[in-house]
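The whole structure should be built from the sequences, with the hints applied where relevant.
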Amino acid sequence: MEDGNVNDMSGIDQGVAVTGTKMKARGVDVFYGDNHAIKEVDVDIADKTVTAFIGPSGCGKSTFLRVLNRMNDTIDICRVEGDVTLEGEDIYDPKVDPVQLRAKVGMVFQKPNPFPKSIFDNVAYGPRIHGLSRNKSDLEEIVEKSLRRAALWDEVKDRLNAPGTGLSGGQQQRLCIARAVATSPEVLLMDEPCSALDPIATAQVEELIDELRSRFSVVIVTHSMQQAARVSQKTAFFHLGNLVEFDDTDTIFTNPSDPRTESYITGRIG
Amino acid sequence: MTDMPISTAPKRSLYAQDARTKKRNRAEARFRTYGMAAVLTGILALIVLLTSILGNGLSSFRQTYISYPIELAAERLDPEGNRNPEEMASVTTFGYVPVLAMSLQAFLEGEGIEHSMGGRELAAMLSEEAPAQIRNMVLANPDLIGTTIDAQILVGGRIDGFFKGRVTMESAERDRNVSVAQLELAQVLADLGIVETRFNWDFITWPDASGSRPEAAGLGVAIIGSFYMMLVVLALALPIGVAASIYLEEFAPKNRLTDLIEVNISNLAAVPSIVFGILGLAVFINFMNFNQSSPLVGGLVLTLMTLPTIIIATRASLRAVPPSIRQAALGLGASKMQSIFHHVLPLAMPGILTGTIIGLAQALGETAPLLLIGMVAFVREYPDFLSTHSNTFPLMGDGATALPVQVYSWTQRSDPAFVERASGAIIVLLVFLLMMNLIAILLRRRFERRW
Amino acid sequence: MLWILLALIFLGLLGYVLGRQRAVASASGDVRELHSLPNYYGLNVTLLTLVPALLVLGLWLIVQPIIVERTVAGQIPASFMEQVENPTLLMTEVRRLAGGIETAIERGFLNVEDAANLASDTDIRAQLAEAGVALGADVSTEVLAAAQDFRAMNATGATWMLIVVFALAFAGLAYSYVRTHKDLRARNRVEYAILSILMIASTLAILTTVGIVLSMLWDTRNFFQLYPWQDFFFGLEWRPSFEGGSELGLIPLLWGTLYISLIALLVAVPIGLFAAIYMAEYATKRVRSVAKPLIEVLAGIPTIVYGLFALITVGPMLRDYFAQPLGLGDSSSSVMTAGIVMGIMLIPFVSSLSDDIINSVPQTLRDGSYGLGATQSETVKQVILPAALPGIVGAVLLAASRAIGETMIVVLGAGAAARLDLNPFEAMTTVTVKIVGQLTGDTDFSSPEALVAFALGLTLFVITLGLNIFALYIVRKYREQYD
Ligand SMILES: Nc1ncnc2c1ncn2[C@@H]1O[C@H](COP(=O)(O)OP(=O)(O)OP(=O)(O)O)[C@@H](O)[C@H]1O
Ligand SMILES: [Mg+2]
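Protein chains in written order, with this note's numbering: chain S, 21 to 290; chain W, 7 to 457; chain R, 29 to 511.
Calculated directly from the structure, the hints in this document are not laboratory data.
Keep in mind that this is a model prediction, so the values were computed, not measured.
Be aware that one or more of the hints could be misleading.
[Claimed, not checked] Listed below are the simulated EDC-like cross-link pairs for lysine to aspartate or glutamate, each with C-alpha atoms no more than 16 Å apart in a straight line:
(1) S:Lys115 with W:Asp24
(2) W:Lys342 with R:Glu219
(3) R:Lys313 with S:Asp96
(4) S:Lys131 with R:Asp395
(5) S:Lys44 with S:Asp113
(6) R:Lys409 with S:Asp141
This is the structure in structure tokens:
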């Protein structure tokens, strides 16, 4: 957690080739009733990249994140305008089934929310509903791989049938990540995944995010500047519903072009 | 960590739903339909229930009457000839039957209305209650004797049923209580306007009548009985319930005793009501020798039964008063008791009253425990609240009946006309409940507070 | 009676005024000198005047009749008791006669001396009939004597009651008045008294439960002295006969009860649960605001209404369209009739409890499931229901306990024939129906045929109590999980 990390991570950045744009948002507006929560936002989410959303509380980070997999559909008063595409396909097209979309764009939440089921069933939940396994051994394989990928396997392999709610907070959050990974999404959205965790668990999850980057594109909302700097390659700064600045993480943290970004990063607003 | 991809599912466009998604969406639609069907079933059940009751019972507010001149012959009704009501009372109801029958026969002859019936059959068209009606009229006003009065009197239950569609010519052929000839004559008279079916309040004000005269059976006594019981419940359950709630919510220390009380209250709320009837029978009637079926015993049983409801509602509304109010009062140097009686209780009052009204409504509709304390008896006297037998035991009260019990007794009678009466009684009961609930809702609306 | 109360209240008010005045006077008019507000001094006197007097009054009113009854019954010669066929009705006769004499005096048909000198050879029945009091049978010497004793004792009792009650009231008034002084801690005393009253009120719940248990235990014990308990609990026949030789087996009644409850739950649980799910997860606000109160109306309808509905609508319909065409019987009252109607009654019960429970499942669990691409029904079935399961089981158990204890629907819809049968279109009967049946009408409370009702009641109470405690326990545990 030393400051030096910032530079370490940006070093990794150079190593990974950016393979193009995964998701594209153009002119997105979100309204909660009369409340205009997101204003004319354009963002590109690159493939195999970690994109961080930062900004003061209430600026619309979570809202915009939920736009990307249509989680806002579950809120009655929420209305989304503008274009959001996943690999060129408009995800708000009437033909699109949000259920299918969410299989491709998975989500991990701020508070660990394991289902009141066994650890195994938690991870197997997505593969089961999406029919990703042909038989039981297939499913077991998926569960094991996902748990390994979430760096949880060694801790739980002996008690896969124990309830998921019985794990520690950090373990629970990694379980939720494993659960999201198990459906093999193309994009993984994470809303403040570490805010309920202690520093050690946070470090584990951050490490994990870096691993996941090789396979998915990851979008992470965070309140911690250090975390954004450590794990992300791209950073978007939101303020009062506007996207103020969106650039390489390096650039944002070393040479922001907007004065609002600078004051937020240096701790003057937010 | 392995690099093998977790799944080798081929890339699919978002625009095309794959087979599995289609199947899942169909399951989703099915599930949703089940839910909607369940809600609709519930609503449908309510509608069928209400239409059934209304369809059967509304007609009990209408009654069929016949009006023709009745000659009150002095030699029959006042044999002594001195117009002394006490002596005239010796002519029983039975003595009035021929008076009505002969007048009817004479009237029909005078009007030239043909029929093929003997006098007895003709008289049987009138309600058995009609002679009593006329007798009471005469006894109240002896000067009527010797005159001819134009009175509207009740016709028999079957004839009444004929105009309400319950009795038909075909059913009359199989029924020995009514004949086709009677119905035909009734129809002729109805066309002439001599027999008419119209609205009246007697159903609500009259007392019950015996099994052979459903047309005269009313709810008056039952309504009063219910009313007395509600008074008892209100007078006992409200203060006791509020006192108990204040103690449990504000003062009670957390100990074994209060735990026991809590468990008891939530259990009592779920004990079958008939068990309270057994309690009432064993304790109030067999042990304490209260009068069977008196409103007081009924009220006591219902009080015990509704107390948990009221306590639960009261505690909820006490809990809804924010602690800041209590602290504000305490901060000004009020004692705990003062802060509760001066500040918390008034604020909680609307909630308490609402809960009380709902408890009363529950008590008003309760039947089973009242059957056990003997309220099924046939009661024709309007009951006194307190029995006036001053020197025996004053608190016991006279025998009474109650609305729901009256419904039950009517269902036990053989004449199908009582089905109409029972349904009508239920309409009255439901109207009372509706009014009580409306008051509760208004109270809540009027005083609803958001902290 | 009323005037005693009024007089006591007057004394109470008087006490209030006096107490207040004396307190103010003791502080020589300066209210600030008082320990408490002047009102409390008044209240203190009022409470001491009223509370002991009212307590004794209430107690007296309850105890006197019991004592009088016992004493009079004990004085009736044993030789006479043996001749009477129904000893329990004898005391009713005595009471009725005594009441009749009082009424006659009141209405001016008898004067007090005449009443005291009534002899059984004069025709008392005719005399009383004149006064508008109808007696069931001719009056024997013994009954008359007992009735006179009864009147005399009641009269003495009433006089003594007056003396004692008013003596207490005056004593309380005088004592507290004399004690009233500016340094008296009046507020503390009053508050302590009020607190005690509150506490006593709250113990009534325990008293009620104790009353229920004791009253049923006592008569159940009497029943088992007359009828072997093995035959009651394991008997397969229910055939009461008032000539003796009754068979009072519980099993057929229990069977009917459970069968009907089962059908009721089969109707209520799926409909109630699905309705709750629909309203919690799917319905728009508008739909919910209409549908929810409509379904809850079903809960506010008294059971007698459902009973009548079963009797006049559902029963005949089931008979005409199902039972008869299928050749399953031609009774309109049947297990099916009662079960379906009871099921309708329980729908709102299940649905509102389930609704609460489903709503208490945290939103984060729903989000988690949707975020993985689950449909709404998958979320409900695989996340919400499993999470809510304990609560829902509790709700179903509570509904079962309702169904088992329900009376009016089965009285009017199920029939009266005790039967061990599987055909749901056959009339059967339940524990509650038989409790009503055995205890209404003219019953001799010393016969096993009447006493069996208490054993049935106790059985019912134990079963429902068990279900309730278990259900409440489950629901509470469940609530704690998410609080
Ligand atoms: N469900 C909702 N209904 C109505 N308004 C909402 C809802 N969710 C969010 N909002 C509003 O939308 C705006 C943006 O909220 P959002 O949760 O996206 O902020 P955020 O950037 O995630 O804040 P934080 O950092 O505190 O999580 C806020 O003004 C909030 O009040
Ligand atoms: Mg947020």
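Going through the hints against the structure:
1. With a C-alpha separation of about 12 Å, the suggested pair Lys115 of chain S and Asp24 of chain W falls inside the 16 Å cut-off, and the hint holds.
2. The straight-line distance between the Cα atoms of Lys342 of chain W and Glu219 of chain R is roughly 9 Å, inside the 16 Å bound, and the hint therefore holds.
3. In summary, the hint linking Lys313 of chain R to Asp96 of chain S is supported, as the alpha carbons are separated by about 9 Å, within the 16 Å threshold.
4. For the hint linking Lys131 of chain S to Asp395 of chain R, the alpha-carbon distance of about 11 Å falls within 16 Å, and the restraint holds.
5. Distance restraint check for Lys44 of chain S and Asp113 of chain S: the Cα-Cα separation of roughly 14 Å lies within the 16 Å cut-off, and the hinted pair is therefore satisfied.
6. Distance restraint check for Lys409 of chain R and Asp141 of chain S: the Cα-Cα separation of roughly 14 Å lies within the 16 Å cut-off, and the hinted pair is therefore satisfied.
Hint violations for this structure: none, all hints satisfied.
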